[in-house]
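Asker: Letter by letter, the chains look like this.
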Amino acid sequence: MTIDPEELRARLDQVWAALARDAVADGHEVMRACGRTLLSVVDQSRESDDVLEMLAELLHANPSRSIVVLLAAGDTEQLAADVDARCWMPSGSRQICSEQIVIRCSERTLAEVPGVVTPLVAADLPVVLWCASERARRSPAFPSLAAPARRIILDTFSAELPLEALETLIEQQRRSPALIADLSWTRLTRWRALLAQVFENRLYRAHIPDFNRITIQYQDQSGRIPPTVLLFAGWVTSRLRWQPQKTQPAAESRKILSFQRPNGPALVTLEHQDSLDSPESLLSFGLGGEAAAAPRISIGRVSEACGEVRIEAAGLDPVMNRVSLPAPTDLMLLGEELAISQRDPAFEESLERAVQIARNLQAG
Amino acid sequence: MSSPAAALDANPFLDPLRFRKGASDCVMVIFGASGDLTRRKLLPALYNLARDRRLSAGFAVAGVARRPIGDEDFRAKMKAAVSEFSDSGPLDESVWDGFSQGLYYVQGDFDDPAAYTRLAERLRQISQARHGSGNVLFYLSTQPSYYASIVKNLGASGLAGPDHSGWRRIVIEKPFGHDLASARQLNGVIHSVFDENEVYRIDHYLGKETVQNILAFRFANGIFEPLWNRRYIRQVQITAAESIGVEGRGAFYEEVGALRDMVQTHLLQVLATVAMEPPARFDASSSRDEKAKVLGSIRPLTHDEVLIEAVAGQYGPSRVGGRGLPGYRQEPGVRPDSQTETYAAVTFFIDNWRWAGVPFYLRTGKRMPKRVTEIVIQYSPAPHRLFPDSDAATEPNVLVLRIQPEEGISLKFHSKEPGAGMRLRGVSMDFNYGSSFGGRSPSAYETLLLDAIDGDPTLYTRQDMVEASWAAVQPLLDVWKNENHDFPNYPAGTWGPAEADRMLERRGHRWRNG
Chain A
1 MTIDPEELRA RLDQVWAALA RDAVADGHEV MRACGRTLLS VVDQSRESDD VLEMLAELLH
61 ANPSRSIVVL LAAGDTEQLA ADVDARCWMP SGSRQICSEQ IVIRCSERTL AEVPGVVTPL
121 VAADLPVVLW CASERARRSP AFPSLAAPAR RIILDTFSAE LPLEALETLI EQQRRSPALI
181 ADLSWTRLTR WRALLAQVFE NRLYRAHIPD FNRITIQYQD QSGRIPPTVL LFAGWVTSRL
241 RWQPQKTQPA AESRKILSFQ RPNGPALVTL EHQDSLDSPE SLLSFGLGGE AAAAPRISIG
301 RVSEACGEVR IEAAGLDPVM NRVSLPAPTD LMLLGEELAI SQRDPAFEES LERAVQIARN
361 LQAG
Chain B
1 MSSPAAALDA NPFLDPLRFR KGASDCVMVI FGASGDLTRR KLLPALYNLA RDRRLSAGFA
61 VAGVARRPIG DEDFRAKMKA AVSEFSDSGP LDESVWDGFS QGLYYVQGDF DDPAAYTRLA
121 ERLRQISQAR HGSGNVLFYL STQPSYYASI VKNLGASGLA GPDHSGWRRI VIEKPFGHDL
181 ASARQLNGVI HSVFDENEVY RIDHYLGKET VQNILAFRFA NGIFEPLWNR RYIRQVQITA
241 AESIGVEGRG AFYEEVGALR DMVQTHLLQV LATVAMEPPA RFDASSSRDE KAKVLGSIRP
301 LTHDEVLIEA VAGQYGPSRV GGRGLPGYRQ EPGVRPDSQT ETYAAVTFFI DNWRWAGVPF
361 YLRTGKRMPK RVTEIVIQYS PAPHRLFPDS DAATEPNVLV LRIQPEEGIS LKFHSKEPGA
421 GMRLRGVSMD FNYGSSFGGR SPSAYETLLL DAIDGDPTLY TRQDMVEASW AAVQPLLDVW
481 KNENHDFPNY PAGTWGPAEA DRMLERRGHR WRNG
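In order, the protein sequence lines correspond to chains A and B. Just so it is clear: in the first sequence, position 337 is 337 by our numbering, and no numbers are missing. Just so it is clear: in the second sequence, position 278 is 278 by our numbering, and no numbers are missing.
It cannot be assumed that every hint is accurate.
Some chain B residues well away from chain A (every beta-carbon gap over 10 Å; in silico) [unchecked claim]: (1) 504; (2) 505; (3) 506.
Stretches of chain A that chain B covers, calculated by requiring three or more beta carbons in the stretch to come under 8 Å of a beta carbon on chain B [said to hold, decoys possible]: (4) 195–203; (5) 296–306; (6) 312–326; (7) 338–349.
It should be emphasised that the hints constitute simulated quantities derived from the structure, not laboratory data. Here a beta-carbon is modelled for each residue, glycine too, at the ideal position from N, C-alpha and C.
Chain A on its own, in the form it takes in the complex (with noise of 0.2 Å):
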């Protein structure tokens, strides 16, 4: 049971021969796409062939070399891989491809992939490893698969011990010459854009000393704050300069952050709500203070596709905008992620101040 690189590459140039003759009978031009190689690690399972649907969707908007490793669970000995042209035809007579190669291997041949990847990465393009496999995280051959990408992206998603899986992050990102991501980040981009865009009125920017009280609600099934939840905390709070201090006790649906603000405390409080219709742990962020001229600032979400945006102040009416606030899709984050290259500032900003609220939130 073994995989020739050479012989891979041998069937990629006939996928490509193959192509070209059909496109001459067709009276069409065809085209071969690729910026990068994205390699995807991923369990094995029923929704295999889902997840390669939506890496072949995704090379429509960021054609790349893709390379699949299918992670078998169980103590088999499989190894073999596939090679394939996925291609589309956007419009006119161009018909792009590019190249996708699965591969299949169990946890003890997972060892044998790197030594295959390798070679089949594409020469000067940036190469994209996207793990989603936790199985193969924490495999010993992890790091020699990771070897040739510039940029690791992880989920923390599901994680059943956030602050580890956290900790974990800063941790890899201290040890890897690649830029580290998190989708539990990139679920985030959104929201916080719409945060953003409300404190591009210089009015309300003018307020934000003035607030002191922030709430965020959220879903968990499983009855713990969610590594997104604890990134968005430590964005807000790392971008007001709000410096955390302890946690009071609270009840189990609700814990109270203590910040020291540059003018006084501040409150966060994380509310966790039953809603079983939300398709994100998000609900709802609201941001407020004592002082009466403070407005009001509440983002949440009215349908599975729409967001709304409120603010109240003072002696006038309240300001609503509806926005369109889809669900968060794999295909939607790795597309956001494809699309960066540099080191990401305020996601290292926010998971370290988030590592420092759930340390707080443990110790309390």
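Once you've looked at the hints, dock chain B against the given chain A.
Answerer: Okay, now just chain B, sitting in the frame of chain A:
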């Protein structure tokens, strides 16, 4: 809300790595709110921006027009327009409900000072209702003949000028004047009320992603710029062909013609983008300085040169694919003996060290075989003919920058055909914008409106650029107005008059009819 003494300068929540540019709060006052441009372009662009979370919560539109309707009627009309013309899929009712709360209507005659008093009062109410900080963007989407009157009234009513808590900016649609003298006169009126840095003259071509990409292509890659000069480039062609006719706008087109409508505006701006020197920085001032400089370096044609270096055309009736196509003179609103050109081609030379002697061929036309806008850079052939048996080797390398449709870049070069001997064949190396980046690109109006709200005039034309481009076409206007053209001189559905082909043939060149 109490007005704070000092607003913080920077928004701490911005994340330029992740968020696309947003917009500060403002009221956009659209003069000509019942017009076609508002319905087809402006409101769909604003709705798309709102939907994509790029407008501030308190953003508002105050539409100004003559019709006596109320806010609710205006909202209903705009909803119908957005449903019809937005390219971002079906209207999202929830988003629309929020967005439409910020739409207001002010009835008034553009020449009537009382309308501006009403507008000022309405802006005060809107600012209160939307928690506005006093920023106002005026947008002139009216007939150009109203521009001067509106600007004067804005000044006289105190709606524009200094002493406001927020900024004041004005966006002005083309055509900016109808010749060099009128453009200068209009600039004078505008500057009596607005500073030049508050004036945004819109040319939507400059907002197109692919036109902006010309700058990235030229100045972000090390390999092309060294070859971007008279030593390696033999000729440049800029074509904007439309397959449609005047589409019911005959009366408007009669007053404008292809030269004013396309060459003086879009094509010369594209020429400036192709031919400008690298700016020191990518900011509004440096980029526009370079564009103004190259437009000012276009050699004015003499009377005799206009006769051989420029061609006017007008389409006549024809049949294409069994379908009868009317001639321009058969279009509604067009005089039966019209002398208005629907086609214009011109050869320009740029008098500077980089481009001396390189012809820039510009052409535009209606009812041409297909809709295509492209820039063709034709390189000089290899200096030594190493493969004499191959005709292909005498063909020059061609770089094509396609602006629409199928936006992209292709480079034609020679390659050996497989097999014995040394037979060459031209092949094409293609970059397709859509296939490489996918997704929906923002429309030119979305890009440009955000820039205006954000105070970034990089993609807008400046007074000196406008006047330089009028100066370039003024000799053609002067000659053509006195000429009795033998129109129609090209059948609908063809690539224009034969004289335009001969204009290139004199230098051994020919149009690339891509």
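Asker: It remains to establish, for every hint, whether it holds in the given structure.
Answerer: Checked hints:
no.	hint	result
1	504	holds (27 Å)
2	505	holds (30 Å)
3	506	holds (34 Å)
4	195–203	holds (count 9)
5	296–306	holds (count 4)
6	312–326	holds (count 12)
7	338–349	holds (count 5)
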